[in-house]
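Student: Residues per chain, in single letters:
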Amino acid sequence: MNEILSLVHNVVDWGMSMLMELGAPDLIMAGIFYALAGVAVLSALGVVLMRNVVHSALMLTASFIGVGCLYIYMDASFMGAVQFLVYGGAVAILIVMAVMLTRRPDMAHSNPSRGIISQIGAAIVAGIFCCVMAFVALLSPFRVSLADGQILGDSVTGIADLMLAKYVLPFEVAAVLLLIAMIGAIILAKRNPKEADEL
Amino acid sequence: MDNGIVMTVANLIRDILMLVLGNEFIVSLIMKFIGIGALLGAISGAAIAFTYTERKVCAFVQVRLGPNRVGPMGLLQPIADMLKLMTKEDIIPNGVDRVVWALAPILLFVPSALAYAFFPFDDGAIFADVNVGIFLLIAISSQSVLTFLMGGYASNSKYGMIGAMRAVATSLAYEAPMVFSLLGIVMLTGSLRMSDIVTVQGDNVWFIVLQPIAFLIYITTCMAETNRTPFDFVECESEIVAGAFTEYSGMRWALFFLAEYANLLSISVLTTTFFLGGWTGPVLPGFVWFWIKTLLMLFVFLWFRWTFPRVRIDQMMSFCWKVLLPLALVNVLLTGVGIYIYRWM
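Chains as they are written, first to last, in the numbering used here: chain Z, 9 to 207; chain D, 8 to 352.
Okay, chain Z solo, but in the shape it has when bound (with noise of 0.2 Å):
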């Protein structure tokens, strides 16, 4: 009985040292990384060329939801659930309004595509957003680097602590915004006076 356990505990021992020898925890690691990028890119690719606006929608909330596994992946679990409750809600928002102010026979080509001209232009702004974004990303110093071993605080605790103390006033000017984009949203949609004397 002993003769055999010690077997398997030798067996077992020397595959994970094997595993550990080729790398595998960084393996898995990076392997998980690039699946949710994946995800959230192709997903995104999807968006443009899907030719059906709803499944273009849809195509939308997967690469919010991949970029929510990804904020979640990096210990940021408030951020990636602030992803997938704020945007989630609001693409099914979105394909109603889609779904209400499209819809016709074949849906199946709700989500032409423009000309070439067009076309061009779109790569044009794509691609200036692109250099942007990558000159944004490479010049901002990230403090916090897993290589260092650091583990990363409460980050509840720290984004309330900048939001409501420190940011507190860019914090309620972009919540007043919200509500202003809101009234104007309520009084277009009541532009006739007579209904707007019964609100």
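Hints may contain errors.
[What the hints assert, rightly or not] With the Cβ distance kept under 8 Å, some of the chain Z side facing chain D (calculated, not the full set):
(1) Gly74
(2) Leu78
(3) Ala89
(4) Gly97
To be clear, the hints were calculated from the coordinates, so they are not data collected in a lab. All C-beta atoms, glycine included, are put in the ideal place defined by N, C-alpha and C.
Starting from the known structure of chain Z, arrange chain D on it as the hints suggest.
Tutor: Chain D only, in chain Z's frame:
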């Protein structure tokens, strides 16, 4: 920490595996898989048990006998139902959006099942005790609205479309008061971690005593979120056939029901965790207390379902925005003032 039944059993399995395999990492990996298996087993077991419970409770409320032909006291009824659903013909209607239509019932199950990772079943028995637990839980369960929309839209039927539109309107509306009602609990606990919410209640007093308004708002919004009568606008047999699931039959339709029962158990577990002190309680072990409270809440939800008639959708929407949401906001304010006075005293 490890005085609960679940953790004792888990440690026993861990010790046995350790003896056989002798490698810490492999053993914890296998333990993770056992955890996932246990959660999925709980979900499917609950779904089978609930089809029977639901009909028996319904019969009890309506002074009938309920299923009593298949097996002793009708106990084999769920198995008969399952066989019927599995042997049904798989009908794919003409003109559906094939991929989206087939994906909707499968994806609907994902958020329902993922939520189970955050439930504190016993002291230390929680699959993912993350620091934003309650918030991540709400975020994940809110994704289910999209799958109703997918199913309803892809069915290419007017009833499906109306059901999907209603799903979006009610789910998004009822999410707001639900989150605000839970905010009071988070303020009292001072943490978003699920295990902290339970421990705080065990050390002091159950939150149903401190947050009675939040409790009422929460169970109301819960019933709306899980689309159960009196708020089942997504399905609504007497108005829009079966709403978002009109075009589904056989196993595809059964998946919608699996998700509904998973959600029913979810809301019972969550009400227990947030308001009834989770696994804390005297004498009996934590795991037993947890299930006593959960099954009690489950009975309350079934009781509501078979007692109240369905309200009209416009009444329900204005009730949400004009009554529940202001009430939830007032509750947050009162909680804040209460905490301030408590500290000042």
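Student: Please check whether Z:Ala89 passes as an interface residue: C-beta within 8 Å of a C-beta belonging to chain D.
Tutor: holds (4 Å)
Student: With 8 Å as the cut and Cβ atoms as the points, is Z:Gly74 at the interface with chain D?
Tutor: Since chain D brings no Cβ nearer than about 13 Å to Z:Gly74, farther than 8 Å, the hint is violated.
Student: Any CB of chain D closer than 8 Å to the CB of Z:Gly97?
Tutor: Check passed: Cβ of Z:Gly97 comes within 6 Å of chain D, closer than 8 Å.
Student: Hint Z:Leu78 vs chain D: min CB-CB distance below 8 Å?
Tutor: At about 15 Å, which exceeds the 8 Å cut-off, the nearest Cβ of chain D leaves the hint on Z:Leu78 violated.
Going through the hint list in order, the structure does not satisfy hints 1, 2.
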